[in-house]
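Sequence lines, in order, name chains A and B.
Take 1 as the starting number for the first sequence in the numbering used here and just add one per residue.
Take 1 as the starting number for the second sequence in the numbering used here and just add one per residue.
Do not rely on the hints blindly, as some may be mistaken.
Claimed, not checked - With beta-carbon atoms standing in for the labels, derived distance ranges: (1) LYS170/B / ASN60/A: 52 to 62 angstroms; (2) PHE165/B / ALA155/A: 51 to 61 angstroms; (3) VAL83/A / ARG235/B: 48 to 58 angstroms; (4) LYS170/B / GLY124/A: 49 to 59 angstroms; (5) GLY135/A / LYS446/B: 40 to 50 angstroms; (6) ILE126/A / ALA200/B: 28 to 38 angstroms; (7) LYS126/B / LEU109/A: 26 to 36 angstroms.
Stated by the list, open to error - 20 angstroms max Cα-Cα, derived EDC-like pairs, lysine to aspartate or glutamate: (8) LYS373/B / GLU341/B; (9) LYS420/B / ASP122/A; (10) LYS288/B / GLU441/B; (11) LYS346/B / GLU112/A; (12) LYS420/B / ASP117/A; (13) LYS105/B / GLU112/A; (14) LYS401/B / ASP144/B; (15) LYS257/B / ASP136/A; (16) LYS346/B / ASP117/A; (17) LYS446/B / ASP122/A; (18) LYS257/B / ASP260/A.
To be clear, the hints were calculated from the coordinates, so they are not data collected in a lab.
The beta-carbon is built from N, C-alpha and C at its ideal position, and this holds for glycine as well.
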Amino acid sequence: MAAAIDTILQGVLLGGLYALFATGLSLSFGIMRMVNVAHGDLIILASYLAWVTVATLGMNAFAAALVVVPAMTVVGYGLQRYVLNPVLSDDPLPPLLVTFGLSVIIQNLLLEGFSADARGIDAGVIETASLALGGDLAVGWLPLLVFASAVAVIAGLELLLSRTPLGRAFRATSDDQTVAQLMGIDNRHLYAVAMALACAVTGIAGIYLAIRTTFGPMMGPSQLLFAFEAVIIGGMGSLWGTLAGGVLLGVSQSIGFRLDPGWGILTGHLAFLAVLVMRPQGLFARTRDA
Amino acid sequence: MTNSRMRGDNDMGEGMARKMIGRRMSRREFAKAGAGAALAAVTAAAWRPAIAAPRTIKIGYVTPRTGPLAAFAEADVFVITEIRKHFAKGIRVGATSHPLEIIVKDSQSNPNRAADVAADLIVKDKVDLMLVASTPETTNPVSDQCELNEVPCISTVAPWQPWFFTRGGKPETGFNWTYHFFWGLEDIIGVFADMWNSVATNKVVAGLWPNDGDGNAWGDAKIGFPPVLAKNGYRVIDPGRYQNLTNDYSAQIAAYKRGEAEILTGVPIPPDFTTFWNQGMQQGFRPKVATVGKALLFPVAVEALGDTGNGVSSEVWWTPNHPFSSSLTKQSAMDLSQAYEAALGKQWTQPIGFAHALFEVAADVLGRTQDLKREAIRDSLAATKINSIVGPIAWGAGPVKNVSKTPLVGGQWRRGGKHKYELAVVSNNAAPGIPTQGRLEPIEYKS
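Bound conformation, chain A alone (with noise of 0.2 angstroms):
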C-alpha cells in the first residue's frame, strides 16, 4: 500500500515539475498558435542566468528569481515583438522554422560562453531535505516547493486570463486575430507581452532545472518533449489542463518506473497516444478552432 501511495505521490510531484515546464509553452501555444521549439533551450537559458547571477552577485539561489524573471520577461517580449512576430501568419511553418533555428543558437551561443561543463546550483540544504509521512514515506521539500509554483503560476495567470482587460484581449486575440485587429488591439504588442509572460514562466522553470539537476548547454530539446505533451494532453488554452496533463504524464510514468525502470518514459508516451486517440482536443480544451 505504502508503495502504491509513493508511486503516486512522486508521479504528481513529477507532474508539478512538468506542468511548470510547460506554461510557458502552453500560453505561447495558446494565444499565437505558435510552437516554440525553442522553449527548451529559453529554460536552460534561464538556467545559466541563474548561474551567473548566484556566482557573480553570490545571491541565494531562490532570490536569484529577482533578477532572472525580469531578465527572461525582456527577452520574451524583444523575441517576440523583433524576431518572431515578423514571421508570423496563417502558415504555421515559418515560426517554426525560426524557433528551432533559435534553438541551435542558443545551444552554440551558451557553449561558447559557458564551454560544456555541466554545471548546477547549490542551494543548501532544501535540495536534500524531506518531509516524513510516517510510514517508510518521505517526500522532499523541492518537489512540493515545485510543484506548489506550479500551482501558484497557473492560478496567477488564469486569473489575468479570465478577470484583467488584457486577459479579454489575449483571449479575443487567440479566438480570431483579424477580428479583435479590427476591434483595435494592437496584435504586436500583445503577443510580445503575452511570449515575455511565458519568457517570465520560463525563468521560474529554469531556476528550479538549475537546483533540482546539472545542466548543460545542449540540455534544453530533452526538456521540450515532455511540456509539449503536457501542453497537448491539457487542451491548448487551458492553463489547469496543462498542469493536469503534466499530473497525468507524471502519474503514468512514475507508475511504469515502478514496473521496470525502462517502461516510464513509455507509459507516459501511451497516456499520451491515449489522450489523442480519445480526445484529440485535450482534456480541457478551451480555444475554438476556426
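Guided by the hints, dock chain B onto chain A, whose structure is given.
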C-alpha cells in the same frame, strides 16, 4: 611518392623528345634511349626514399568538441596548441623533417556525424593517420571508417570491450588498421571491488545502469558487474535499465531502500546522477559508498552536487600524481596538468593526459615508419612500444592484438585546498606503481 615518381618519368619523356627533334633517331638508338630512361627512372625511384622531399603530413583528429560529450574534449584545444607548437618546425620521419598539419573535426557528440567527418578526412583531406577519442559514440564510427578505407587509426578514452566487440571484432583475427589504448570492464570491476573492501558494509550493491552503450555493458549479466560481484559475495539490486535524462528515480530509490543497499554504483550521465542523488537524499537513501563511473569524472560535476559531493568516488584513468612523463615534451604528469591549469585557469581533468598521449603515439609511429605509405605507417603503429604520459603503450601484449591496456586506479573526491574537491587515489591494486593518498572512507552525512 607516386606524384614525384610521375614527375621523374615526365622529365625523361621530355629529354627524349628533344633528342628526337634535334636529329633523326634510328630504331635501335630509340630503343637504347628508352631502356636507359627506364633504367634511370627505376634507379631514381629506388634512391628517392633516402632523399625524400618534405611533404605535409596530415593527421586527422575527430573529437566531440560540442554536444553532451563535450566535457571529454575540454582539454583538446590546450593539447593541440601545445602539440602544434612542439612540431612548428616539422616532424621527423627517418632523416627528413616534414611539415605537420593537424586537422581537427567536431563530431558534435553524434555517431553519424563522427562517421561523416571521418570519411571527409579520409577522402577529401587524405590524412595519413587518424586519431580519435572520447566514448564509443565517437571512437567506433571513426574506427569503422578507417578500417573500411584502410587508414591507420589510433583511438582512446573508451573501455576496450565496447570499442572492440561492438564493432564486430573477433579476438582471433582482430582489426587490420585500427588500434586502441585504454582500460576495460574487467579493470573497472576489479578497481571498484578493491575500493569497497576498505569500508565495512553489508555487501549489498545498488546498480544504476542506464539504457545506453555503457549501461548495458556494465550491467550485463554475462560480461558486466553482476556476475563478478556475485562471485565476490556481493548482492546486486538491479531494478533494470532506464532512459537517459529521466526526471524521476523514485522507483529505483524505493528498490534500493527495500534491499537496504549500502553501496551505490553505476554509469549514469552527469545530470541524471545529480537528479538521482538529490532525490535519494530527499527520500532517505544514503549509501555508505557511492562509486560511480562517467558522472563523477569531472570536477565541475562533483562541485555541482554541492556539499553532498564530499566522499563520492569514481574510476581514475590519469592524475597529476601518475609517475609517468611525456615522451615528446618530457613534461611529467604534474607539469602537464599545471601547464593546463595555468593556461586555462581551470582544475585539471583526466582527458588531458590521454589527448596528449594520442599525439605521443602518433609522433612515435611517424618517427619509426619506413616511408609514408599507409601500410608502412600501419606496420609502424602495430610495432609501437613507448612510455607515454598515461603509462606504457604497446600493442601485442593486450587482451586482443588491437588493444593496449593502460593502468586504472580508483579515486575519491575529498574537500580540498586549492579546488573545492580534489581527487585522491584510494585504490591501486591493479597498478601498484601509482601512489595512493589513503583508502576509501565511508561518506559522512550531516544529519
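How the hints compare with the structure:
no. : hint                                    : verdict
1   : LYS170/B / ASN60/A: 52 to 62 angstroms  : holds (59 angstroms)
2   : PHE165/B / ALA155/A: 51 to 61 angstroms : holds (55 angstroms)
3   : VAL83/A / ARG235/B: 48 to 58 angstroms  : holds (57 angstroms)
4   : LYS170/B / GLY124/A: 49 to 59 angstroms : holds (54 angstroms)
5   : GLY135/A / LYS446/B: 40 to 50 angstroms : violated (24 angstroms)
6   : ILE126/A / ALA200/B: 28 to 38 angstroms : holds (32 angstroms)
7   : LYS126/B / LEU109/A: 26 to 36 angstroms : holds (34 angstroms)
8   : LYS373/B / GLU341/B                     : violated (39 angstroms)
9   : LYS420/B / ASP122/A                     : holds (13 angstroms)
10  : LYS288/B / GLU441/B                     : holds (9 angstroms)
11  : LYS346/B / GLU112/A                     : holds (16 angstroms)
12  : LYS420/B / ASP117/A                     : holds (15 angstroms)
13  : LYS105/B / GLU112/A                     : holds (16 angstroms)
14  : LYS401/B / ASP144/B                     : holds (16 angstroms)
15  : LYS257/B / ASP136/A                     : holds (9 angstroms)
16  : LYS346/B / ASP117/A                     : holds (11 angstroms)
17  : LYS446/B / ASP122/A                     : holds (16 angstroms)
18  : LYS257/B / ASP260/A                     : holds (16 angstroms)
This entry does not satisfy hints 5, 8, going by the numbered hints stated previously.
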